[in-house]
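**Q** Those sequence lines, one after another, are chains A and B.
18 is the number of the first residue of the first sequence in this note's numbering; add one for each residue after it.
9 is the number of the first residue of the second sequence in this note's numbering; add one for each residue after it.
Treat the hints with caution; some may be incorrect.
What the hints assert, rightly or not - With a Cα cut of at most 25 Å, we get these calculated DSS-like pairs of lysine-lysine: (1) B:Lys78 to A:Lys27; (2) B:Lys78 to A:Lys176; (3) A:Lys115 to A:Lys89; (4) A:Lys89 to A:Lys116; (5) A:Lys152 to A:Lys114; (6) A:Lys27 to B:Lys14; (7) A:Lys190 to A:Lys176; (8) B:Lys14 to A:Lys114; (9) A:Lys27 to A:Lys82; (10) A:Lys117 to A:Lys184; (11) A:Lys190 to B:Lys78; (12) A:Lys184 to A:Lys114; (13) B:Lys14 to A:Lys152; (14) A:Lys176 to A:Lys89; (15) A:Lys152 to B:Lys15.
Unchecked claim - Which bits of chain B does chain A cover? Going by a derived footprint, with three or more residues having C-beta under 8 Å, they are: (16) 15-24; (17) 51-57.
No lab work stands behind these hints, which were simulated from the structure alone.
By construction, the Cβ of each residue, glycine as well, lies at the ideal position given by its N, Cα and C atoms.
The primary structure of each chain is shown beneath.
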Amino acid sequence: MAAVAKRKTKEYSDSELISLFLEDQNSAYFTLLYRRYAGKVFAKCISMLADEGLARDATQDVFIKIMLNLGKFTEQSSFSTWVYSITYNYCIDIIRKKKKNILIFSEDMGKFKPEQEQEIPDSVILEMETNRLDKVMDEMPPGDKAILNMKYIDDMQIKEIAAVLDKTESAIKMQIMRAKARAQSIYDDMYGTEPINS
Amino acid sequence: MNNNLKKLQEEREAMLPPELEERVSSQMGTMAFFGNLVELYVPNALQVVVRLVGGEDLPCLKKNRHREQKPIDWRIPPAPEPGLNFTDS
C-alpha cells in the first residue's frame, strides 16, 4: 500500500492498477479497483436481481471472478465495459438457474408484439417518473433490462452490447426497440394513459 | 433530456454495504493463501508419490535434488597429496 500512497489514488488509471496488481499480486491495487466499481456493480446487480441479499452475494462473486480473470483482460474494450459485461452475464446466469423456464428477452416471448414497429423516443423511458420507472423495470424481462441499462446507463455502443451478449449489431438494435416498446406497454398496463413524468 | 435510469442507478450505488469490501478482501486473502500452498507443496507431494511407486524424479524438481551426491564419510582420511610425507621415522 506504501507504493500506492505515494501517488494519489485517483491518478492511477485502471490499466496501471491492473498491471501493478498482476506484477506484485498486492491486494491494495485490487482494492482501489474495487472501490472504483463496487457501487456500480452492486447497483446493476440490484436492478437485475431485484433482491438486496442476492445482489450482495453476486457483487462479491463478480469481483472474485474479475480478480481471477484479470490476466485475460486484453484492453480491447475499456475495463469498465469488461466489468459490466461480467456483471450482466453473471446476473443473467443466476436468473436462468433460479427460474429454469424464464424467457430472457422480449423477442423470446412469442405473444409480445410491439403494436407498431415504429421506434419509441428515448425520452419516453428516460423521463418516466423514477418510482414508476423502477416498477416498470422490475416487470421487464432480464435481457431487456440489461440491454436498456447498457445503452442508457453505461453509454455502451451497439457494437459493445453485441459483444457482451454475443449477438449481432442488428439484433441488438431490434432488441433495444422492442425493449422500449415493452417498457411503454408495461407502463400503459400499470398506469393507463397517465403522462410519464407526472 | 433527464435520464432517470441514471438517477435510479445512483440511488442504488449509495446502498452498497460497506462490509462487502471486507468480505471480498478476506476471500481474496484465502484464495491467495491456497494458491501459494498449492504452488509450494503440490509438486513435492507429487514427487513423493512418484518415488513411492518407483518412478523417476519429476523434471521440475530435478535441479533441486541433492540426494545423488555421495555423502562424505569422515572416518576415512583423505588421500595424501603427492609430495607430502608424514611418516614417523
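**Q** Determine which of the earlier numbered hints do not hold for this structure and return their numbers in increasing order.
**A** 1, 2, 3, 4, 8, 11, 17
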